[in-house]
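Q: Taken in order, these protein sequences are the chains called U and E. So for the first sequence, the numbering used here puts the first residue at 1229; every next one is plus one. So for the second sequence, the numbering used here puts the first residue at 1335; every next one is plus one.
Errors might be hidden in some of the hints.
Negatives, chain E to chain U, calculated, CB over 12 Å [said to hold, decoys possible]:
| # | residue |
| --- | --- |
| 1 | 1382 |
| 2 | 1386 |
| 3 | 1409 |
| 4 | 1411 |
| 5 | 1421 |
| 6 | 1429 |
| 7 | 1501 |
| 8 | 1506 |
| 9 | 1528 |
| 10 | 1548 |
Below, a sample of chain E positions facing chain U; criterion: calculated Cβ distance under 7 Å [what the hints assert, rightly or not]:
| # | residue |
| --- | --- |
| 11 | 1385 |
| 12 | 1412 |
| 13 | 1537 |
Keep in mind that the hints were calculated from the coordinates and are not lab data. We put the beta carbon where it would ideally sit given N, CA and C, even for glycine.
What follows is the residue order along each chain.
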Amino acid sequence: MSRDHLASLDPRTRLLGAFALVLAVLSVDGPAAGLLAVAASFALALAAGWRPAALARRLVHVEGIMAALFLVLPFTTPGTALFHLGPLAATSDGLLLAFGLMLRVTASALIVLALLATVEPVRLGQALARLRAPMRLVQLLLLVLRYGALLRAELRRMREAARARGFRGGLSIHALRSFGWLAGMTLVRALERAERVEEGMRLRLWQGALPVAAPGRLGRVDAGFAMGVLAALLAALAGGRS
Amino acid sequence: MSTVFALEGIVLQRGASRVLDGADLRVEQGERLALVGANGAGKTTLLRALVGLEKPLAGRLVAFGRPAADEADFRPVRRRVGLLFQDPDDQLFCPTVLEDVAFGPLNLGETPQAAFATARATLDRLGLDHLADRITHRLSGGEKRLVALAGLLAMAPEVLLLDEPTNALDDANRARMLELVAGLAATMVIVSHDRLALERLATRAVVLQGGRLEPATIHRHPTGQPTLHIHGLDDDHRHELELAARTGS
């Protein structure tokens, strides 16, 4: 599938596809299948328009967490000892387990980056609503997206204003107190904003219902992608059985 | 001509200060009333009181011929009155423009389909249809203000309360907003410091000063310069003397 095709995927297809593909990846077993899953997911991410360097930057965060697995699992999994560290024995089984987990998590992250991170978050919120996800959670997500951006912008403006008046940060009492004020002011503003938004909703006679625009039509691209996902899912299941 | 709002002796406290202190006001159907006054005089508070967002300590507020005091009284008032906030970010909370404009009609009891049709028609009418699928927080400041107005107009209000409608708009968007508002039939109360906008839109003016409302006049003096003035009727014309002194020296 070409990049244009992937870009035109409906957000609903992306959500369901990502969910199915992550399930497929999690069901595979062993390093070979894991490597294959990572390779396929990586190809998908490239096809979705990610540059390898940008992808690597995002993955660093994931692999950072995975490093903890490599520190813990070899010592906590029973099996053949590879080496000893004081009273602790590191097992090859544990190492293999950590490696397999890392591959699956990496592949899952790549799938999410390929399918979900390439679309405006608001569109995913709308897609969730159309897929009949619990409306309260969808609303929470949409409002966080809407006003999170605004709060970030307010915080940034205040920090810039502070810097424009020579504020440097650091760990002095003055700097810490200023950070406290900044945080406090952001909270106060957020609270006031929330009150005004609620008032605006009340003035427009809000009674609990929120509009969700009619979804676009699912096209041939969506159908094709769904077939591909299905094939991947079946292959993963078949591989897992054998 | 029927009276839309009648306020008698409204007293309203905000924090430590008494922003309205015996304010009287009548808004007649079809007029466009300019509400002027210094920063912090309580203009926004007065607009909020008209739709029941502020509760007066004393006084009487009659809306569309019915006394309105509590939340239940104001609910039917809000059906007929649209308040345009100073900050459109407070008003646009739906993910996309179309959904936000459909929010009001949906609350008025329209089916989702009808609400979206109303929203589209409203955007078309205002020449904003190209924004329908845009994400609200990605709009420019001017677009946000216009879309917030569309969200009110989709509910077909009889009265519009506009809180600084042209504030912080660039020339193009300001002209757009003025043209749009000038073309509306609704009764209006307009809070603004934009004197030229008020001259164009308003049919009458009141000034909020010391918690009270006094009749005011918007006029020009034949001084050769198009200097526009808004002040209470009982003010003397000291500014004329000042101007004369300045030009004479």
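Q: Could you run down the list of hints and mark each one as holding or not?
A: Outcome of the hint check:
1. 1382: violated, 8 Å
2. 1386: Incorrect as stated: the minimum Cβ-Cβ distance to chain U is 9 Å, not above 12 Å.
3. 1409: violated, 7 Å
4. 1411: The claim is violated: residue 1411 (chain E) sits with its nearest Cβ about 10 Å from chain U, within 12 Å.
5. 1421: The assertion about residue 1421 (chain E) is violated, with a minimum of 7 Å to chain U.
6. 1429: Residue 1429 (chain E) not clear of chain U: closest Cβ-Cβ about 4 Å, inside 12 Å.
7. 1501: About 16 Å separates residue 1501 (chain E) from the closest Cβ of chain U, which puts it past 12 Å; holds.
8. 1506: Label holds. Min Cβ-Cβ 23 Å, cutoff 12 Å.
9. 1528: Non-interface label on residue 1528 (chain E) holds, nearest chain U Cβ at 22 Å vs cutoff 12 Å.
10. 1548: holds, 28 Å
11. 1385: holds, 6 Å
12. 1412: Since the shortest Cβ distance to chain U is 5 Å, the answer is holds.
13. 1537: Status violated, d = 25 Å.
Comparing the model with each earlier hint shows violations of hints 1, 2, 3, 4, 5, 6, 13; every other hint is respected.
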